[in-house]
Structures are given as structure tokens and as C-alpha cells.
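Sequences are here, hints too, so could you generate the full structure?
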Amino acid sequence: MVARTPQRVLIGRSAELDRLVGVLDAAAAGLAGVALVGGDAGIGKTRLVTELCDLAQRRGFVTLTGQCAELGDALPYLPLADALRGAAADAGGLVGPAVTARPALRRLLPGDESGPAEGTTGGLAQQRLFGSVLDMLSEVAGRQPVLFVFEDLHWADRSTRDLLVFLTRMLQRERVCLVGTYRTDDLHRRHPLRPVLAELRRLPLVTSVEVPPLGDDDMAEYLAVLDRYGEGPAGPVAGPGLTTVIERAGGNPFFAEELLAAGAERARLPGTLADLLLARVETLSDTARQVLRVAAVAGRRVGHDLLRDATGLGDLPLEDALREIVSQRLLTAGSDGYTFRHALLQEAVYDDLLPGERTRLHTAFAALLAGRGGSPAELAHHHLAGHDLPGALRASVEAGRIAAGLGAPAEAHRHFGRALEVWDQVPEAELLAGESRARIALSGAAAAAAAGDYHRAAEQVRRLRHETDDPVLIAETGERLSYYLADAGGDEAEGVAAAREAVDVAPHSPLLARALATYARALFRQYHDEEAAATASRALEVAEATGARDAEVSALVSLALIEEEFGSSVEHAVDLLTRATRRASGDLSIDLRARFNLARIHYENGALAVAARITEDGVRLAGETGLTWSTFGTDLRFLHYLVHYADGDWDAAERLAGGFGVRVGTRAEAQLSSFALFVEVGRGRPVADERLRWLSRFWSDELIGYMARGMAAEQALWRGDPLTALDHVDAVVAALEPFDPSVIRIAATGLWALADLGRTGEPCDDLMRRARWAAQNGPNGPRGRLGPEGMAWLARAEAEWHRAHGTEDPQVWRRATAAFGFGFRYEEARSRWRLAESLLRTGDRAAARAEWEHAVHVAAALGARPFLETLRSVGARAGFPDPTAATPAGTSAASPAAPGDAREIAAGEPPGAAREPARLSALTAREREVLAHVAGGLANREIGEQLFISQKTVSVHVSNILAKLGVTSRTQAAAVALQEGLSPGAADGNTV
Numbered sequence: 001m002v003a004r005t006p007q008r009v010l011i012g013r014s015a016e017l018d019r020l021v022g023v024l025d026a027a028a029a030g031l032a033g034v035a036l037v038g039g040d041a042g043i044g045k046t047r048l049v050t051e052l053c054d055l056a057q058r059r060g061f062v063t064l065t066g067q068c069a070e071l072g073d074a075l076p077y078l079p080l081a082d083a084l085r086g087a088a089a090d091a092g093g094l095v096g097p098a099v100t101a102r103p104a105l106r107r108l109l110p111g112d113e114s115g116p117a118e119g120t121t122g123g124l125a126q127q128r129l130f131g132s133v134l135d136m137l138s139e140v141a142g143r144q145p146v147l148f149v150f151e152d153l154h155w156a157d158r159s160t161r162d163l164l165v166f167l168t169r170m171l172q173r174e175r176v177c178l179v180g181t182y183r184t185d186d187l188h189r190r191h192p193l194r195p196v197l198a199e200l201r202r203l204p205l206v207t208s209v210e211v212p213p214l215g216d217d218d219m220a221e222y223l224a225v226l227d228r229y230g231e232g233p234a235g236p237v238a239g240p241g242l243t244t245v246i247e248r249a250g251g252n253p254f255f256a257e258e259l260l261a262a263g264a265e266r267a268r269l270p271g272t273l274a275d276l277l278l279a280r281v282e283t284l285s286d287t288a289r290q291v292l293r294v295a296a297v298a299g300r301r302v303g304h305d306l307l308r309d310a311t312g313l314g315d316l317p318l319e320d321a322l323r324e325i326v327s328q329r330l331l332t333a334g335s336d337g338y339t340f341r342h343a344l345l346q347e348a349v350y351d352d353l354l355p356g357e358r359t360r361l362h363t364a365f366a367a368l369l370a371g372r373g374g375s376p377a378e379l380a381h382h383h384l385a386g387h388d389l390p391g392a393l394r395a396s397v398e399a400g401r402i403a404a405g406l407g408a409p410a411e412a413h414r415h416f417g418r419a420l421e422v423w424d425q426v427p428e429a430e431l432l433a434g435e436s437r438a439r440i441a442l443s444g445a446a447a448a449a450a451a452g453d454y455h456r457a458a459e460q461v462r463r464l465r466h467e468t469d470d471p472v473l474i475a476e477t478g479e480r481l482s483y484y485l486a487d488a489g490g491d492e493a494e495g496v497a498a499a500r501e502a503v504d505v506a507p508h509s510p511l512l513a514r515a516l517a518t519y520a521r522a523l524f525r526q527y528h529d530e531e532a533a534a535t536a537s538r539a540l541e542v543a544e545a546t547g548a549r550d551a552e553v554s555a556l557v558s559l560a561l562i563e564e565e566f567g568s569s570v571e572h573a574v575d576l577l578t579r580a581t582r583r584a585s586g587d588l589s590i591d592l593r594a595r596f597n598l599a600r601i602h603y604e605n606g607a608l609a610v611a612a613r614i615t616e617d618g619v620r621l622a623g624e625t626g627l628t629w630s631t632f633g634t635d636l637r638f639l640h641y642l643v644h645y646a647d648g649d650w651d652a653a654e655r656l657a658g659g660f661g662v663r664v665g666t667r668a669e670a671q672l673s674s675f676a677l678f679v680e681v682g683r684g685r686p687v688a689d690e691r692l693r694w695l696s697r698f699w700s701d702e703l704i705g706y707m708a709r710g711m712a713a714e715q716a717l718w719r720g721d722p723l724t725a726l727d728h729v730d731a732v733v734a735a736l737e738p739f740d741p742s743v744i745r746i747a748a749t750g751l752w753a754l755a756d757l758g759r760t761g762e763p764c765d766d767l768m769r770r771a772r773w774a775a776q777n778g779p780n781g782p783r784g785r786l787g788p789e790g791m792a793w794l795a796r797a798e799a800e801w802h803r804a805h806g807t808e809d810p811q812v813w814r815r816a817t818a819a820f821g822f823g824f825r826y827e828e829a830r831s832r833w834r835l836a837e838s839l840l841r842t843g844d845r846a847a848a849r850a851e852w853e854h855a856v857h858v859a860a861a862l863g864a865r866p867f868l869e870t871l872r873s874v875g876a877r878a879g880f881p882d883p884t885a886a887t888p889a890g891t892s893a894a895s896p897a898a899p900g901d902a903r904e905i906a907a908g909e910p911p912g913a914a915r916e917p918a919r920l921s922a923l924t925a926r927e928r929e930v931l932a933h934v935a936g937g938l939a940n941r942e943i944g945e946q947l948f949i950s951q952k953t954v955s956v957h958v959s960n961i962l963a964k965l966g967v968t969s970r971t972q973a974a975a976v977a978l979q980e981g982l983s984p985g986a987a988d989g990n991t992v
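Residue numbers in the sequence shown follow our numbering, run continuously in steps of one, and reach 992 at the last position.
Calculated from the structure, these hints are not laboratory results. Remember, predicted model here, so these are calculated numbers, not experimental data. Virtual Cβ for every residue (Gly too), placed ideally from N, Cα, C. Hints should not be assumed to be uniformly reliable.
Restraint ranges, calculated between C-beta atoms of paired labels, are given here [what the hints assert, rightly or not]: (1) Asp25 x Gln526: 49 to 59 Å; (2) Leu55 x Asp727: 46 to 56 Å; (3) Leu278 x Gly250: 57 to 67 Å.
Next comes the structure, spelled out in C-alpha cells:
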């Protein structure tokens with residue numbers, strides 16, 4: 001803790017400051033970090049963080065500080081707005097231009113009159129805001145490191161808490177340090193901050209700093225500093241008096257300071273902290289005391305002009321009273337107003353007000369703020385506290401609309417809910433609110449859904465449906481109920497019934513078009529393909545006739561998906577989606593959805609260049625509109641990544657994956673993260689292990705489990721652990737629907753593992769049956785068509801099945817290689833690997849070498865280290881020189897082989913074998929290689945598999961070895977090998 005002295009001394013907090021400085025230093029070095037600073041009220045959290053901010057500024061950091069307030073749950077993003085307002089006022093700073101360049105952030109600044117951006121309210125607006133904050137911090141941190149402090153998180157609104165979690169997970173290599181302070185003594189068992197803290201503390205880059213009570217010696221030093229610089233009482237409290245203060249304070253610096261001040265003014269100290277604080281207030285003059293009480297109703301801070309009008313005092317009496325209050329260190333003066341020195345003081349003064357006094361003052365503040373254009377959220381707070389229900393209703397509705405536009409759906413839902421709570425008690429409520437109760441209830445349900453609480457949204461709409469007999473409202477609530485149930489994964493039958501009723505009663509209007517589109521969606525989810533297609537077609541007709549462009553685009557997308565799933569013409573699906581993307585729908589989410597599906601169909605049908613162009617355009621649109629982190633903005637980014645993964649631009653793919661967080665906490669984050677595994681496993685990156693650990697919490701999710709566990713299986717196979725791979729494959733197969741095309745790829749991976757294990761029989765046959773069935777069947781019968789990637793994976797599965805049974809011939813691997821030839825470079829090369837091995841077994845070394853070299857070049861270009869190491873091992877055993885190996889200085893890559901090497905090449909032996917001394921010198925390189933495997937305990941069949949030669953050829957080699965070494969058994973030959981220094985199993989003389 002520090003006293004307010006010229007030296008700004010920090011006492012007893014060096015360990016805590018060191019931990020915070022460690023996070024700050026890491027951020028400066030390019031590793032984002034978060035520090036959570038907790039402690040009791042008055043313990044010194046703010047002082048500690050103030051010291052950190054001073055230090056950060058001296059080190060060149062941009063510092064942002066935002067303060068939560070006790071009514072923060074009603075004012076969305078209050079600390080963010082507070083921080084940006086202060087930074088934007090600095091004309092020469094970096095933050096101001098970065099904020100004003102982003103409309104979602106600019107709207108948080110005072111004086112901005114712009115409404116919500118087109119097509120973005122609720123959840124979409126929140127995604128835009130979160131993405132804008134992340135982009136702004138990244139932009140500023142690119143020039144100077146950033147320290148962002150959130151003060152008093154125990155008062156933070158839900159949206160601010162969500163923002164903090166989002167930033168904590170998304171910031172990785174940015175030079176950003178986030179710090180949040182909170183009161184530990186305020187966190188009761190059900191406090192909303194508790195689960196947030198628990199979630200954040202599990203993350204590796206989060207540091208928790210608990211500020212403990214000061215020890216007696218530190219407290220004595222602190223009090224001495226106060227006295228030394230005149231911050232304590234007029235005269236020092238020495239001896240027994242000082243000891244009493246230290247004992248009573250319990251290590252709390254603020255309490256000690258108040259005790260010290262009280263002890264100088266009275267003989268007997270008050271019993272509680274509240275009594276102690278109020279005792280200080282009682283020493284003020286009557287006028288000053290009344291000014292302080294009025295200020296307490298305003299909150300922790302109050303502007304000078306507002307305080308003057310609320311007290312009704314003239315300038316001179318008010319200034320005299322304020323000078324007295326400030327001199328007693330109860331308020332501190334700022335540039336435009338006053339702040340209570342500590343929140344505890346404001347709370348004590350406010351709690352001491354009489355009920356009638358409190359009501360009167362809140363009413364006065366509501367009237368003053370209304371005349372000054374105060375925020376509706378703050379007006380609603382004062383109206384409710386002043387028991388002005390009509391004013392509270394009107395302000396709550398307006399606050400809900402503003403919160404929805406800002407991207408704070410949880411707060412919007414809260415405001416709409418408060419309006420509904422008082423509705424029946426307010427005469428002419430509909431006139432005051434500007435719309436009907438039903439409309440506000442629908443807005444509240446939409447806000448709940450946007451905040452992710454689909455169950456609450458559905459329940460509110462159900463309740464509204466029971467209260468109305470208006471056909472239009474029945475149609476609207478039915479359409480919304482079906483929509484929310486689909487997003488919540490709720491009762492699909494109820495969703496279909498609600499949408500059907502909406503279609504039956506809706507008038508010919510945009511509402512009917514939307515109801516039909518939602519009904520088609522519900523039918524599609526239940527695999528009623530023919531009815532879904534007919535309904536979507538009708539939705540398209542009505543939308544075009546009524547000018548409902550959003551419903552038109554939604555219907556076009558639904559028709560395309562139905563055609564893709566159940567139809568026979570992918571070209572028709574592409575045409576429908578192309579129509580959907582020709583002009584804006586007015587709903588950015590729908591526009592991004594259309595682009596994503598158009599790019600996805602092109603990708604899945606092998607048109608990688610077209611898919612790349614569409615994803616780039618979609619990602620650009622998402623970025624320009626601030627929707628990079630929206631659902632379909634995220635989908636477009638991972639599809640952009642997959643296109644580069646397939647077309648072989650792995651460097652670009654890995655750069656994109658740099659934004660796919662490892663420390664995931666939500667399904668959306670985990671889904672995006674799982675895609676990064678394709679390149680990370682392919683390149684053998686160590687980060688894949690950490691990513692898999694975080695993703696393991698989401699393996700129960702079908703899509704995430706398929707991708708993450710599928711890649712975990714491939715990682716295990718590259719590491720020589722087919723049993724672990726099979727565990728992952730079995731889990732994924734059990735979770736997938738039998739008709740899901742994803743079954744084909746995971747079955748191919750499982751057959752790879754079984755082939756490596758040498759297992760045949762039912763396990764192999766079962767996976768092959770599943771792959772074929774998924775290729776031939778959809779949810780409602782025979783599959784119309786399977787895209788080229790699906791066909792390629794089926795060919796791979798067939799080839800692996802033959803490899804497991806020992807019945808493969810090069811032709812099955814040629815088919816798999818050709819199937820991936822549409823542009824999937826990595827998988828085409830992996831098929832060439834097996835083709836080369838198969839050709840070696842048939843003795844066609846020239847063809848095998850050509851396929852192997854092609855695969856080696858691709859693996860090297862991709863940086864696919866596990867694959868490349870495997871290929872080099874194959875080449876070493878086959879005696880193929882590595883085409884990517886560096887040529888030694890002074891040696892031509894085309895240097896002819898020595899005569900002895902030529903003879904060995906002609907005999908099928910690897911060239912350039914080192915000649916062993918003594919008894920091994922008589923052996924050829926191939927014989928030495930066979931001997932090494934004999935010493936390793938392998939049977940002839942296993943040696944043949946390792947060296948790509950027949951079992952009979954191995955037997956001939958073994959007989960020659962025994963004769964040349966003058967021994968009669970394999971055991972004796974192995975002993976000679978060990979004596980001569982030949983390592984068991986070593987491919988000696990074959991590594992280029």
C-alpha cells in the first residue's frame with residue numbers, strides 16, 4: 001500500500017507488484033497476459049494497479065483504465081466506454097484514431113448519434129463490437145504495448161464480463177496486458193463473477209494476484225508515512241494509540257487510515273467501518289454534509305454542474321462546502337467533477353440516507369438527467385429508485401433498444417424485462433413505451449437468444465403465444481419459437497408444429513415468407529426433404545412477391561442445401577447460392593452464410609481456386625463490417641484455411657491458424673481451434689499436443705470430436721501408436737450418424753491403423769462396410785451423389801483395407817492417388833507413398849522410385865515433417881537417394897556411382913554402403929541390413945515387409961549370411977553382428 005506522497009512510496013506490496021510486472025514484461029516481449037487482482041475492499045488493489053500503470057507508462061505502454069460502477073449491470077460496456085473516452089480525448093495518442101475508425105467503438109463515445117449499423121443488433125452487434133475491440137488493441141499494440149485495466153469487476157455488466165473472457169482467449173502474441181480488479185469480500189456464492197474467475201484461472205496466461213492484509217510492521221511504516229507527509233491527523237497518534245489502530249485495522253490500509261483520522265478527533269473509536277466512515281462525515285458542516293449525501297446518490301462520480309443543480313446551492317456556498325469535503329479527503333476533485341475517495345465511503349453515506357430522502361434525491365437526479373439528455377439506462381435506475389414507474393418503463397424500453405444496438409444483448413434483455421415487470425402498474429403503458437407489450441416481449445426474447453439463452457427466449461415466446469389470439473402475433477411467435485428451438489437443439493417436433501401454425505395463419509406478407517423459410521429449415525432438420533424443398537420454393541416465391549430480401553436469400557440457401565443433400569445436381573445448388581450472393585439481403589449474417597455455403601460447395605467439389613476466391617471475398621466482407629468473429633465470419637476463415645491446406649499453401653494456412661486460439665472455452669472457439677490441427681499435425685508442431693488437451697473438453701460435440709479426435713488419431717499413427725489411433729477412431733465412429741459422409745474419412749484412418757497392426761477380419765470389414773454405406777446412403781435413402789473428396793477418401797479406405805489383408809496391388813493405390821488429384825496435394829502425396837511401397841513389393845523399383853520422389857518433393861515443400869521422415873525411412877530401406885538432400889560441397893548431384901555401387905544397384909542393393917571391417921566385410925549392404933533385422937529378432941516375413949522384398953528373398957539372404965559368417969544359426973549370426981558393432985534393426989549403410 002502507498003500513501004499519497006511526493007515519493008509515491010509503495011509499502012508491503014513488492015511481491016504482488018513483482019508478479020504484475022512479470023505479466024507486463026511478458027506482454028512487452030510479445031506474449032499477451034491477464035492478471036486478476038483480488039482483495040477485500042480498502043486493501044489497496046487500486047493503489048497497486050496505479051503503481052503498475054505508472055511503471056507501464058514509463059516503459060512506453062499505452063494505458064487504458066475503465067471503471068465499473070455499482071449500476072454497471074444496467075450500463076453495458078461501462079468500463080470500456082470509460083477507457084475509450086479518456087483515450088480518445090488524447091489528440092496525439094494512438095487509441096483515438098483506432099477507435100474512431102471503427103463504428104462499433106465510436107458509438108460508445110459521448111456525442112455519437114449514429115444508430116446501429118445496418119443489419120447488426122443483439123448478438124451480431126456484440127460479435128462486431130468484440131472483434132472491433134480485439135482489432136483495435138492489436139493495431140495499437142503493433143506500435144506500442146498496451147495495458148488495459150478493468151477496475152471493480154465485481155460490478156461489471158454481463159457483456160463486459162463476456163468481453164473480458166473473449167479477449168483473454170483471443171489475445172495470444174499481441175503486446176497486450178489486461179488487468180482486472182475485484183473485491184473478494186463481495187463475491188457471494190452466486191455472484192456472476194465467480195464462474196468467470198474460475199474459468200479464467202484455468203488459462204495458462206492468466207495470473208491471479210491476491211492482495212493480503214498488511215503485516216504489523218508494514219502497517220506501522222504506512223501510518224508513519226501518512227503522518228510524515230501530512231496525510232494523517234494533525235498530530236501523530238503514538239504509543240498505545242498507534243498499536244490500537246494497527247490491531248483494529250486488521251491489515252486493511254484504508255481502515256487504518258480512517259481509524260488514524262478518527263483517533264485524532266475523538267477519544268473513543270467507532271466500532272464498525274461504516275460507523276467510522278460516517279463519523280468522519282459527521283464532522284462536516286451541515287451544508288457540506290448535505291452536499292456529500294446528494295453526491296452519494298449520483299454514484300461514485302458526479303459532475304460539478306449536476307451536483308450544483310441537485311443541491312440547489314449557489315456557486316459560492318457549494319464551492320465552500322466542496323472545499324471542506326475535499327480537504328477532509330472524502331471527495332477528490334477532477335477536471336469536471338468529483339469522485340468519492342473510496343467506494344466504501346460512497347456506500348456508507350448512501351446507506352445512511354433515510355428512505356424518503358433517498359427517493360426524493362433519485363427523483364431529482366432523474367429529472368436533471370432527463371433535461372441533460374442522460375443515458376436511458378441511468379435514467380431507468382433513478383426512476384426505479386425514485387418509485388417513478390412510468391418514467392422507469394419509458395427509460396427501460398429505450399435503454400433496451402440502445403443496449404441491443406450496442407451489442408449488449410444480456411443488458412437489453414434485462415431492461416426489457418424490467419419494463420415488462422412494471423407494465424401492468426403503469427396507465428397507458430403502450431403509449432409511454434411506443435409499442436405494445438407483445439412487441440417488447442418479442443424484443444426481450446430476441447435479446448435473450450442473442451445472449452445465447454435460447455431456452456429462456458423460447459419460454460418467453462411460448463408464454464406470449466398463450467396470451468394472444470392475434471393471428472399475426474401467433475404467426476410471428478410461432479416462427480420465432482421454431483427458430484429458437486432449432487438453435488437451442490430443442491424439441492424438433494415442437495419446432496415443426498410451431499412453424500407450420502405460423503405458415504397457416506400468417507397473411508401474405510414478408511412475415512409469411514420468413515415463416516415459410518423457417519418451416520423449411522425445420523423440415524430439413526428432420527430430413528423431410530421433399531416437403532422441405534417445396535416449402536423453401538414457396539418461401540422464395542412469397543419473398544420475391546413481397547420484397548422480403550432477407551427471406552429470399554434464406555430460402556435460396558435452404559433450397560441449395562436441400563439440392564446438395566438430396567438432389568442430383570450440384571450445379572443447380574451452385575446456381576441457387578450464386579443468386580443468393582448477387583446483392584445484399586439487408587442482414588449481414590444471412591449474406592455471410594450464403595457466401596460460406598457457396599465457397600464450401602466449390603471446395604467439396606474440388607474447385608479449390610474458385611473456393612479460394614469466394615472465401616477471400618467473404619473474409620474481406622466480414623472484416624470490413626467488423627464481423628470477423630461472427631458465426632459465419634469465423635466459418636469463412638476456417639474454410640479459407642482449409643482451402644490453403646488442400647491446395648498446398650501450408651504457410652498461408654498456418655498464418656491463418658495463428659488466429660485460432662488454443663485456450664478455448666466455448667464451442668465456437670473450440671470448433672475454430674480444431675481446424676488448426678490439420679497443419680499442426682501434418683507439420684509435427686508441438687503446439688498440437690496443447691491444443692488437443694484444450695479441445696478434449698469438447699470431444700462430446702460431434703463436429704469438434706470428429707475433427708480433433710480424427711487428427712489425434714493421425715498424430716498417433718505418425719508416432720507409431722496405432723492402438724491409440726484406434727481408440728480415437730472408435731469414439732468418432734460411435735458418435736457419427738451412419739449416413740454422415742465424415743464416416744468415410746475416419747474409417748480410412750482406422751483402416752490405416754489396423755493395417756499397421758496387421759489385423760484383419762471383422763474390425764477391418766466393419767469399417768469398410770460403414771464407409772461404403774455412408775458413401776451410398778443419405779438420411780432418407782440412397783445418396784444422390786458424393787463429392788470428389790468423399791470419393792477419394794472411399795478409394796483410400798478401399799486401398800487400406802487391401803493393405804490390411806495383404807491383397808493390395810499397385811492399382812488400388814493408383815486409384816486413390818488419382819482420386820485426390822483434383823488439387824489435394826498432401827493426400828495425393830500420401831497415396832503415392834503407399835503406391836510406391838506397393839510397387840516395391842512387386843519389384844517395380846523404377847516406378848516406385850518415381851512415385852516416392854514425387855511424394856518426397858511434396859512433403860518437403862509442405863514442411864510435412866512426420867510424413868517426410870516416414871518417406872525417408874522408406875527410401876533408406878529401398879536404397880533410394882533422397883532427392884531433397886543437400887549435395888556436399890564439391891560433389892555433383894549427378895555424380896556417377898562407383899563401379900561397386902553400380903553392381904549393388906543392379907542387384908537391388910543400396911549404393912554407397914560402408915564396408916565393415918573383419919567378419920562383416922564379406923557381406924553386401926543388403927545382407928548387412930538383413931542381419932541387423934535378424935539381430936533385432938525379426939522373422940523373415942517381418943524383415944521382408946520392412947525391406948520391401950519377398951519372404952523367399954529374405955531366406956536366401958539369411959542362408960548367404962550364415963555361410964559367409966561361418967555360423968549355423970540365426971542366434972549365432974546375431975551374436976556376431978553385436979560383436980562387430982552392428983546395431984539391432986539398424987538400416988546400416990542405407991541412409992543417404
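Status of the hints after comparison with the structure:
no., hint, verdict
1, Asp25 x Gln526: 49 to 59 Å, "holds (56 Å)"
2, Leu55 x Asp727: 46 to 56 Å, "holds (50 Å)"
3, Leu278 x Gly250: 57 to 67 Å, "violated (19 Å)"
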